[in-house]
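Here the protein sequences come in this chain order: A and B.
Per UniProt numbering, the first sequence starts with residue 1, numbered consecutively.
Per UniProt numbering, the second sequence starts with residue 1, numbered consecutively.
In short, the hints are calculated from the structure, not lab data.
Bear in mind the structure is a predicted one, so any value in this text is a computation, not a measurement.
Be aware that one or more of the hints could be misleading.
Derived pair list, reagent style DSSO-like, types lysine-lysine, alpha-carbon separation capped at 27 Å [claimed, not checked]:
#1 B/Lys265 <-> A/Lys92
#2 B/Lys89 <-> A/Lys7
#3 B/Lys225 <-> B/Lys265
#4 B/Lys140 <-> A/Lys92
#5 B/Lys225 <-> A/Lys92
#6 B/Lys225 <-> B/Lys140
#7 B/Lys265 <-> B/Lys140
#8 B/Lys454 <-> B/Lys468
#9 B/Lys124 <-> B/Lys312
#10 A/Lys29 <-> A/Lys7
#11 B/Lys82 <-> B/Lys124
#12 B/Lys419 <-> B/Lys454
#13 B/Lys454 <-> B/Lys444
#14 B/Lys419 <-> A/Lys6
#15 B/Lys444 <-> B/Lys468
#16 B/Lys465 <-> B/Lys419
#17 A/Lys92 <-> B/Lys89
#18 B/Lys419 <-> B/Lys444
Chain B is nowhere near these chain A residues, computed Cβ spacing over 12 Å in every case [what the hints assert, rightly or not]:
#19 Asp4
#20 Asp21
#21 Thr26
#22 Met31
#23 Gly33
#24 Asp45
#25 Val49
#26 Val53
#27 Asp64
#28 Phe88
Covered by chain A, per the in silico footprint, the following chain B stretches (three or more residues, Cβ under 8 Å) [to be verified]:
#29 28-39
#30 47-57
#31 82-96
#32 142-151
#33 282-291
#34 471-480
Where a beta carbon is used, it is the ideal one built from N, C-alpha and C, also for glycine.
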Amino acid sequence: MSLDAKKVARIARLARIGLSDDEVQTYQKDMEGIIDWVEQLNEVDITDVPPMVGTGLATARLRDDVVTDGERRDDVLSNAPEREGPFFTVPKVVE
Amino acid sequence: MSSYRITGETGEWEIVVGMEVHAQVVSQSKLFSGAATEYGGEPNTQVSLVDAGFPGMLPVLNKECVAQAIRTGLGLRAQVNKYSRFDRKNYFYADLPTGYQISQFEHPIIGEGKVEIELSEGEKRIIGVTRLHLEQDAGKSIHDQDPTRSFIDLNRAGVALMEIVSEPDIRSPEEAGAYLRKLRQILRYLGTCDGNMEEGSMRADVNVSVRPVGEEGYRTRCEIKNLNSVRYVMQAIEIEAERQITIWEEGETVDQETRLFDHVKGETRTMRSKDDAHDYRYFPDPDLLPLELEQSWIDELNAALPELPEDKRARLEKDYGVSQYESGVLTAEQSIADFYEDVARGADARLATNWMLGDFFAALNRTGRSIEDSPVSAQGLRELLGLISDSTINGKIAKEVLEDMVETGDSASAIVDRKGLRQVTDSSAIEATVQGILDANADKVAEYKSGKDKLFGFFVGQTMKAMKGKANPAMVNEVLKKLLSA
């Protein structure tokens, strides 16, 4: 499968990763290699096999509706690159 | 069939509307973490490391949130899917710490259902529900605190939402409003969402398209995001439909896009175009196993479901002989229906209905109180009605007593005693007064006897006035008739 430069740039943008034109070329080649390798899986006929999303051996565990966490603002904010009082702050985002 | 039509330059247009309603689930803790959901906490205090998207944190599903979704599905007469699954919806935004929202894309917990709406002329319509799924809410961005920065509060991040998606069955702003109100009523009855739109517990995205009357199929739609009141939903649909009609009639085409409604300017405007549309790259969340439900649990929840608005209406009509209009008003809120039944069960049902809908509601309005903090209790109102039924007081005096009850909080009988309002049922006292009135108005008596029947009301009024309103009205009528025909 071929992956054009435009698609690589789009994937990078969706992931919020800035790439230079040179880097786009590098990653285009790397990603094509990965996709080609994974594409070997297409050789297997899976017409009647439903998509597998787990082992099928277990289902979701449920917890009781009890407040057991929170009131730990300092922990929550500890890795914030920037904060203001009780808030995280980020460059202004307005849609 | 209601037919909402917009007349354009080229002819008549109809609108096609579908809605996505986001309803916050009533629960103590969040969908996947043990942090509290309570509204209005100090910023970032109701946040666990799961909600903040710290590396290595694992989500664990809240059982009550699942139960609430099932209850809602049952209340919407919808299919409950025994197998459902959680997917990651990937997008980048400052108030979404993980970079994805956990939602249900391919396998929602609830499938097709329906909502019956009632329009102004009592006309009913069914609006199809496509699906309901569970998902996480995002945090809150605050943009007005700083010129260059946005502040982020994650208290709401991870709170459970139900997204309820309707079929494109809605054909007028009125229907959209009725649908949202009905949905809110059902959720409130079920106790699965508090329906508080001011606090953001319910928000709607509206998909609008237009087409010439008689055209089959749908034209391009636009989605208007984040409407937080019934009024805004109705206004936004009307304004957006006008905009689209103008575009089509100018020979242009409507672009599929996401728009915002500005209620101050009364317009919708582009938020993002299709080119810019999100690519969510959904995939099954590897941190969460599929959700499989036991039929026995669904049955258990179904058996414990509260009486729904429609069922309650039918029962009130049957048990208390109220009209369709009256049952609609009395069941608008569960608390009103409970209050009504509390009054009507121990009183004359007709009297209870008239007083609830009349003087009692008027008193609530006047004092700005709700049924929950009513100045008069159900027992208090029932006692008052009892005094009317057993002829202790008449209806007119009862109005005065109710006003006093609202003001002082005293019981009806205490007020009647304090003010000496007990109805006069002593026929000789009434006869004496009536005779006095007739003697003093001999000219009017003569006119009455020569055919001026209307004067009867005058005599009643004079008698009541003389007896300070306390005479039994039926007895006054009787005595008057007797003496006037003598």
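Hint numbers contradicted by this structure: Of the numbered hints given earlier, those the structure breaks are 11, 12, 14, 18, 26, 27, 28 and 34, listed in rising order.
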